[in-house]
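Enquirer: Full structure from sequences and hints, please.
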Amino acid sequence: MPAPAQRRIIFQHIDEPGYTNDLACYRKHGGYEVMKRAFARPPAELVDEVKKSGLRGRGGAGFPCGVKWTLLDKKSGKPVYLVVNADESEPGTFKDRYIMHQDPHQLIEGSMITCFANNVKQAYIYIRGEFPHGARILEKAIAEARAANLVGPNILGTNYSCEMYVHRGAGAYICGEETGLIESLEGKRPYPRIKPPYFPAVLGLYQCPTIVNNVETLCHVKHIADIGGEAFAKIGTPNNTGTRILCVSGHVQRPGYYEFEVGKITLGQLLNEVCGGPLPGRTFKAVIPGGSSAKVLKFGERFKGKRKVGAELVDYDWGVEDVPMDFDCLGMIGTMGGSGGVIVMDDSVSMVEALANINAFYAHESCGQCTPCREGSLWMKKISSRMVHGAARPEDGALLKSVADQIAGRTICAFGEACAWPTQSYVTKFGEEFSAYAATKSAAKPAGATELV
Amino acid sequence: MNLTPATLARIDEVIPHYPTKRSATLPLLHLIQEEAGFISPEAIEWVAAKLELQPINVYEVVTFYPMFRQKPIGRRHIKVCRTLSCALLGGYKTCATFEKEFDTHLGEVSPDGEVTVEFVECLASCGTAPVVMIDDELHEKVDAAKAKQLSDQIKVEAKARK
Ligand SMILES: Cc1cc2nc3c(=O)[nH]c(=O)nc-3n(C[C@H](O)[C@H](O)[C@H](O)COP(=O)(O)O)c2cc1C
Ligand code: SF4
Ligand code: FES
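So the protein sequences, as listed, match chains R and B. Using my numbering, the first residue of the first sequence is number 541, and each one after it goes up by one. Using my numbering, the first residue of the second sequence is number 5, and each one after it goes up by one.
It should be emphasised that the hints constitute simulated quantities derived from the structure, not laboratory data.
In silico lysine to aspartate or glutamate, DMTMM-like type, Cα no more than 20 angstroms apart, as pairs:
hint, chain 1, residue 1, chain 2, residue 2
1, B, Lys145, R, Glu991
2, B, Lys145, R, Asp886
3, R, Lys568, R, Glu556
4, B, Lys104, R, Glu991
5, B, Lys54, R, Glu726
6, B, Lys152, R, Glu991
7, B, Lys25, R, Glu723
8, R, Lys981, R, Asp886
9, R, Lys680, B, Glu38
10, B, Lys104, B, Glu161
11, B, Lys25, B, Glu64
12, R, Lys680, B, Glu17
13, B, Lys166, B, Glu118
Quick look at which bits of chain R chain B covers, simulated, 3 or more residues with Cβ under 8 angstroms:
hint, stretch
14, 631-637
15, 705-717
16, 789-799
17, 888-898
No residue lacks a Cβ here, since even glycine has one placed at the ideal position from N, Cα and C.
Expert: See below:
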């Protein structure tokens, strides 16, 4: 089956010649009209539309957005905050970058509709520190919106007021985790908080109810407000609605970002047709489907089971190429859609070295609060990099896995799982490569071989 | 602490963005580092006093976040992405090229004072790997040849200044 055509909703204007990131251009393309209409509706109706849309968060966990909003503790009487998660730091993910740099008003409009729907009076965009231009572009865009009475006091002549500021991070991955992000916004180290009791919807920023949503998620809110929840739910597949931006990197002919209806394209169509297949003379070996934390898939492995299609249970028997790119299917085969970052590795790659690269990332980024995560991520790095740079032993794979197995489920935040999953899946699926690494390593590498760690 | 009036004005502008002063810690440190190049012990004391915090509250922030530094660096800051997608396309070679061109090692100021080369983690531009940030500018698809080219450019600019 040929790959479906892209359906660009969020990325409609990305890379469009002549499209600029200022208010005038945005308005020329119908910008803020949806917000105007939304502000004339009762807020509860907007929350309902988002619930009906089935929109799931695009930041990593895929949690239903409308449900998250209804969990807000409104009875507390405390102010409600919106924090836009623009930390974009999961390796392999590079979509929010383009929204903020090229179409910042789309994010502001989606965020302001979200604020109005949830009676938020103060929003912050938490943007990673390594996007200095992105931060300036957003600041300028907010200033333009403020001058046009689209942000700030008495928006569009209503009695609704809402402020929005940009807050820059400073290079720490853990600031992407929502409670770490909140601590960081409070001016502290980004130590994630324990849930319960610190669910952001109840005890978030300044101990007030807080919505944390990803940049792409909030852009979708604008389109839901535009076309309605029911119409939105018809895009994509049941329980996996809307479009999603897939970021492809690594060993393919045409890496980049592609927007498709969720679940309408398979991993094989994406990699072979859309991205042009492997590099010349190479074959695909492994792929990480949802950011570096997602469990790796091995080309050649098969997945069998039963799944619901409509009301029926049907058998599936998939190779890696056959898996539809949606939250549920990727979850079913033991990995995740995560942040939409697809990292491809071909047969030139040693999985031991790839894991050593990833482990160095997690060891660097652990915040250090929980012993299993702090020590475990460090030991996984030390063992895998010793395998590459020092002596490798046949039993190192099992040793690595035994460390990983002791992290997940024993930590404050999901970073524990995120750092354990790569090791667990690489060692389980590519075990022979780990046990044979000592022998294969001594066979001289071709000159100029790509170093991974 | 000698800050320019422009920086001081921006500091006073940003503090009221938050209901608590402490939230302004990161913005203040960014503004000071932009002007001074690094965060000195004096800067930590100054920020603490300005935000009515203890110096340790600021110190623990400075020591946690990779972007804050407590020592001066070279005139240009070359940050090479180290993470998987970039490494798969030769990021390590890119980094080695910069080190060689400026006769320096990771994290050190080059002998001519021009650059500090560093490895950083994923810069969220994996589709155009390998990527490098030189000060505020992102450079895409920086293979060894392009790294050499960028190095030459920096050297030419350095010469022109002398
Ligand atoms: C270690 C870790 C890192 C994360 N990094 C990001 C990130 O960079 N950007 C993001 O949007 N969400 C990130 N998340 C997910 C957030 O915690 C949170 O679930 C998300 O912002 C919710 O928004 P959504 O429902 O719109 O997806 C991360 C989670 C974890 C555990
Ligand atoms: S799991 Fe790791 S990153 Fe998360 S709080 Fe614990 S130590 Fe920090
Ligand atoms: S891995 Fe280098 S930018 Fe993401």
